[in-house]
Amino acid sequence: MALSRLSSRSTTLLQPLATTSLLRRRHISTDTTPITVETSLPFTSHLISPPSRAVETSSQELLSFFRDMALMRRMEIAADSLYKAKLIRGFCHLYDGQEAVAIGMEAAITKRDAIITSYRDHCTFLGRGGGLFEAFSELMGRTTGCSKGKGGSMHFYKKDASFYGGHGIVGAQVPLGCGLAFAQKYSKEEAVTFTLYGDGAANQGQLFEALNIAALWDLPAVLVCENNHYGMGTAEWRSAKSPAYFKRGDYVPGLKVDGMDALAVKQACKFAKEHALKNGPIILEMDTYRYHGHSMSDPGSTYRTRDEISGVRQVRDPIDRVRKLIIAHDIATEKELKDMEKEVRKEVDAAVAQAKESPIPEPSELFSNIYVKGFGAEVNFISPLETTLSFGADRKELRATLP
Amino acid sequence: MASLLSRFCRKLALPGSAHGSRMTSTTACGSETVKSLNLYSAINQALHIALETDPRSYVFGEDVGFGGVFRCTTGLAERFGKNRVFNTPLCEQGIVGFGIGLAAMGNRAVVEIQVADYIYPAFDQIVNEAAKFRYRSGNQFNCGGLTIRAPYGAVGHGGHYHSQSPEAFFCHVPGIKVVIPRSPREAKGLLLSSIRDPNPVVFFEPKWLYRQAVEEVPEHDYMIPLSQAEIIREGSDITLVGWGAQLTVMEQACLDAEKEGISCELIDLKTLLPWDKETVEASVKKTGRLLISHEAPITGGFGAEISATILERCFLKLEAPVSRVCGLDTPFPLVFEPFYMPTKNKASSSSSLSSPSKTHIF
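Taken in sequence, the protein lines are chains A and B.
The first sequence begins at 159 in our numbering and counts up by one.
The second sequence begins at 46 in our numbering and counts up by one.
Hints are computed from structural coordinates only; laboratory data are not their basis.
Just so it is clear, CB atoms sit at the ideal spot from N, CA and C, and this is done for glycine as well.
Be aware that a few hints might be false.
[Said to hold, decoys possible] Which chain A residues face chain B? A few, computed with CB under 8 Å, are given here:
| no. | residue |
| --- | --- |
| 1 | F249 |
| 2 | G299 |
| 3 | T302 |
| 4 | A359 |
| 5 | N361 |
| 6 | I371 |
| 7 | G389 |
| 8 | A393 |
| 9 | R396 |
| 10 | A402 |
| 11 | P517 |
| 12 | I528 |
| 13 | K531 |
All chains should be modelled from the sequences, with the hints used to inform the complete structure.
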């Protein structure tokens, strides 16, 4: 219905644009003519005037949002299957549903701004420019992974894109993030640090310590609470006296953002970056949702109803939202978007296949990077055995010669 | 592994078994019923009994309400109510501090730290508050009713933060006790003793054994005394000391060594702080050799303390240096876990166990 109304309008006003975009629809649009979209929800703010609801975007940006989010979604689903096939071991925390936060943030910042997050980091890594092959390799513990296979799912890093990972202990990354911000301010880098944490971590004491320091010293730190409403299996109202996480900074201003709307996220992050560079820390609460459980060992349905999950998927899914925008603005057809998704799927499958062929790290890597080499801290391996016989995670025999 | 484990555990259950285990538990014979339980069920039973027998006892921690991520607290909230069994937010330091306060008012606070790797935010509270409360107040106050339970140890795929064995950090703190059970029956008795002990106790549960270890556990209320080591296998050639899940690995090494004619005496320390020096000393004076094994990294691990003490007490009786077969000095690895672990191969091939007859006397 909306489409027909728009197309009749386009015949009178936007026809030139429509015909040129018809030619460009075979690949991602390079049209950067600004389009203004209003966010679906207004921003709620604490101690600050919220930014405008009107967000400037373009066809190119919207299409890249769609493609990148579809890529992230596909990657997480592929990781799900790999975990069930026991190719990924240990822990695996999936981000599907929350893609808009990663994508919107990237659109507002540069690679010189730092990002640090918790263990739900696969998509953040991708957003920072990480490759699918590195991601899948790391998940499967292969040497071609971004952390050489030594970190696993929870420990993705990308130094050249200022992505500081990837942390297993809940909330421990927040003081770190404030430290990064201090370094940026000290070096006059005109860059900020986005420190991400969840609604569960919001109750950690170290967060408030870090917040106080950041506010005291006016650090360019943006604290982003990815509120997916469940800390593992505990709903926010059962763990926090005040689930208004954007207000918990007390003397630190905050903004509540619809985390399923990539454009709202982009607007908020842009606003936050400007604020942090001038005035010090700010808290962003992203109202988002994860479709999967906390990790792969959590079905995700014992503490919330399936109706709730499917309800969010139908009404608030970030990819569908961008899809509708793209179609409404005549940037691409439904079929073209579906083709893009198919392409993305092939890309992910290819990366998985390639990663599966990668080797596992050499046994000597067990001892590398504990200390810096050459400073007298060679690890003593106490055993007369040169070759160790052991059993790997897949129950197959593993023989290795340890140094 | 599982069949070996169950065989091992079943052996322990038989009173007066062939290995001559000196049962120090207060199990009544014959009249009391036993039930085949795994570790988490035994712990669960202990908690039920603890809450039943003391109306001023509480169980709290992250996610304990629905039964806990390892099912150790199943049924407690339903039976004793949400005022006694409740969830806390995600803040270990806050949880333990809160527990200390509750205990200081004369209550029994049984705190659960979801995984031992997460205990570090609470380290200050345990070391500086809990351990020193009675001492610095001149016995006016104490938090003896505090028991902190945490699943520890490798689980096969736990990686850096679901596999650590932090017992050594806590053994360095006078004022608290550190207890580690090896099996379901031990766990129930030791946990009840720990909860009722008038000192704060840190109770580490080997998470690998939560489902793997199955044993006949008496259903009644019984306690196993703290600070008493148990000789679970008698021998004459070498003494092996360990705790927790590592004992099953050492048992396998003992069986292997037996085939070569080496008679091994295996001791379960049970309580690491304060530890039963007399039992270990007597055993080493008999055998002349000692091998200690633990999952935690070797440098600064609790094996070092045992080694130093035994050296002081048994120097002239030792026929070989004290051997330690432990985890490597690396962060607990992800893919390399099989190489990090002190497996039975490493134990078997350690110089003490492989050919004691050939070792020179120093």
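- So which of the earlier hints does this model not fit? 3, 6, 8, 10, 11, 13
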